[in-house]
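Quick mapping for you: the protein sequence lines, in order, are chains A and B. For reference, each letter of the first sequence is one residue, going 29 to 338 in the numbering used here. For reference, each letter of the second sequence is one residue, going 609 to 908 in the numbering used here.
Since the hints were derived computationally from the structure, they do not count as laboratory data. Glycine included, C-beta positions come from ideal geometry on N, C-alpha and C. Accuracy of the hints is not assured; some may be wrong.
[Claimed, not checked] Simulated coverage check for chain A against chain B, where a stretch passes if three residues somewhere in it have a Cβ under 8 Å from a Cβ of chain B:
1) 55-63
2) 144-152
[Unchecked claim] Residues of chain A placed beyond 12 Å of chain B at every Cβ, according to the derived structure:
3) Leu67
4) Val88
5) Phe95
6) Val96
7) Trp111
8) Asp200
9) Ile220
10) Leu313
11) Ala326
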Amino acid sequence: MSQALRVRAAGTGPAHARRPWPESWVAAAFIAPAALVVLFVVVVPLARAAWMSLFDISLVRPGDEPFVGLGNYIEQLTSGDFWAATWRALWFTVVSTGLELGLGLALALLMDQPLRFRWLLRTLVILPWALPTIVNALMWRWIDNAEYGALNALLTQLGILHSYQVWLSNSDLAMWMVILADVWKMTPLVAILLLAALQSVSPELVEAAKVDGATTLQALRHVLLPLIVPVILIVLVLRTMEAFKVFDIVWIMTGGGPANATQTIAIYAYQTAYQGYDFGRGAALGYLIALVIMVLAAVYLRLLGRLGRT
Amino acid sequence: MASLPVTAARHGPSAGVRLRRALRGGVLYAGMLVALVVILAPFAWLLISSVAEPVDLLSRPLHWIPAHISFDRFAALTVGSSPDDSAQSFRAALVNSSIIASSVTILSMAVGTLAAYAFARLHFPGRSWLILAFMATYMLPPIALILPLYQIMSALHLRDTPLALIIIYASFVTPFVIWIMRGYIETISSELDDAARVDGCSRLGVLVRVIVPVSAPGLVSTGLLAFLMAWDEFLYALIITQTNASKTLPVAINDFIGRHGVDFGLLATGGVIAALPPVIIAFVFQRYIVAGLTAGSVKG
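For reference, chain B alone in the conformation it holds in the complex:
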């Protein structure tokens, strides 16, 4: 009995085992290939559509590889010299989205990290209850809040301003920041805090000089996710914005569909430009994004 494995090892795995392994490998690699194609093909088509001439896009049967490639539409939407209405709206939206998403990120990270520190380190009555209240506000569907927010922002003369969207987005991004950063700070040894306290640091000093430097990776992942959330939002923006003064990219694309419903090339170009910042962020900072996503949704 004991000699069996030795014999098997000397002659290598039997033909049956080798065949089964090869089959299994084949299935797994085929699955990987299918997954890659399914993930990449729609992207590829969006990219091709954004640079193909209308003749190629509207051909039947369809030519997958366009005969002519042109970046004219990218130029028209971004740097072209004689912008029409649509190009102007699109550029304004690009600026608005950048300003709004950056401001929301900075504001939410500042107030959110401050609160997260309190939830992670300080003892006070109602702590667990209060963090659940914050989580509940994060999960509340926008559709339940848009009507009063629309009226309140109108009354304050804030409707159609980037500030209105910054305030609204901060209200759901901040609880998210609190949630992730509290979990992150809890993983940091509190002995670091104690040492700094003995050296005469205030609580705020501990947060700024000890916790923030140590939790830099957590701050990066949370900040990137905060930015993406603000960049992606549509429903509030659809209600609150009216003109180029505050329209964000999702609203601009919604308008685009209404105005250029048949100019698929231009729509694809707009889509590619709007998708570039988040896709690049996700690609370059993948490790941080994945860590943040996991911490934010499946870790209590």
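Extracted from the complex, chain A is given alone in its bound form:
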């Protein structure tokens, strides 16, 4: 009997006899690998970028990196180029997000109707979203080509245009062409998210409104839309956050040109850092952009939390 006791004390007894780890320890062990990945690639660089943004670091002057305090930030916030790029990003954001929400809602309502062949639309709608951003930009760059592009060919053959237009090299039109390409790719995503919201609304609610004498449009406006407003708001903030930091599609389609007409804030930051070799100012710009995005992220998470509770 004493031998049996000793065996158990040595830890070879059944597993549940061992005292389990406290839950917090288990949680720490489970989260540690993910935290490690994020720590080295996000937290450390973020701290380093904050430090860098306080110096005047230029790669064309190695070794000479004077401390300037908040100088880089003050310089940007008082610079015309910075504000011009910020307004361009805002313009892109407001127009593309507005169009994507409007068209996306229309598309979602269409896909929610009991129509024959709607499965076809529901199946194909995901394709623009799936197309890689770079390929989408390349495709529209080719469509918008001034001499051989499909857009010019189509519009002249339909009689809408009399002669070929310059689209991307025209500083009045370039931003619109980038917006068009972005709207084509992202409207389906908005439609998919809003369709999911529409499908979560019980059809009986709409039927009840119609029985009470409401027309389809009235039922839509007073019953369906109010119910999906929380999701619309979330999608709005999400798209705003994505659009404000836009880089890829602009970089491939126009490179920020012509004459800076499509130079959004992320393009401006990239050019400052990598074409001007100015890492101090680049880091400060990165922080300013992150600040805007983080404010939007806080709004987004708060909206999500509120939706989750109701």
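Given chain A, put chain B in place with the hints provided.
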């Protein structure tokens, strides 16, 4: 009064109602047709451009249907025997993108699901605060991190290696995996966990033997989205990669535009090849992708 609906039912809807219904149907079907054309036409043109001869592509007025179709450019970029510089870069990029996106998916799914389980099931101080911190890192714009990451990767001699991109991509894909999988695991009844615990399973045992099999659909949608995110990334890759050793497809296409700015057929071919994996994934696994997108962005 009460007999009115009966009469209406006997004679069917009145002519006015029928006309209005037909009109409404007409408008809706027309809208659907327009939507389908707008979605498909740019794709169709990209595909046509990738197989059309330059003579057809550069014609004015444009011939929409090319007189000759050739797959030579597809062959040149993928299996051709005498690859020039561009073809070599493109093939290297195809391999790099596949390796990087797969590795990121495996790594992020492993560490992300582990953490997601802790956030969904375990009670510990700072839980809600910590998951928000992860979400914030996911939303942080790359432009705020590229400069220090560029320096750190250079100092570690990791610049221009696939490993550098795998590590960087995992840093934003992992929080995304945590976010979706936590939501997914929360929908699974915790009685399953309790039953397994009573049977002597450790927490890790519960995760591997109970949660993972039950949440297979959630894992598939999350994994596919993780793959697509890594496949699509451009800004970090533009900074970190320099040669064929690590260049990914988006960077290769960016180079292509610089080098073959006027060879539209070749550009279109490169675009089609780069787009094939994600488009096929989205098409075949549509149900999973849509579920993942919805769970990831509009469900708290």
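Cross-check of the supplied hints:
no.: 1; hint: 55-63; in the structure: holds (count 7)
no.: 2; hint: 144-152; in the structure: holds (count 6)
no.: 3; hint: Leu67; in the structure: violated, 9 Å
no.: 4; hint: Val88; in the structure: holds, 15 Å
no.: 5; hint: Phe95; in the structure: holds, 17 Å
no.: 6; hint: Val96; in the structure: holds, 16 Å
no.: 7; hint: Trp111; in the structure: holds, 17 Å
no.: 8; hint: Asp200; in the structure: holds, 23 Å
no.: 9; hint: Ile220; in the structure: violated, 6 Å
no.: 10; hint: Leu313; in the structure: violated, 8 Å
no.: 11; hint: Ala326; in the structure: violated, 8 Å
Consistency note: the structure conflicts with the earlier hints numbered 3, 9, 10 and 11.
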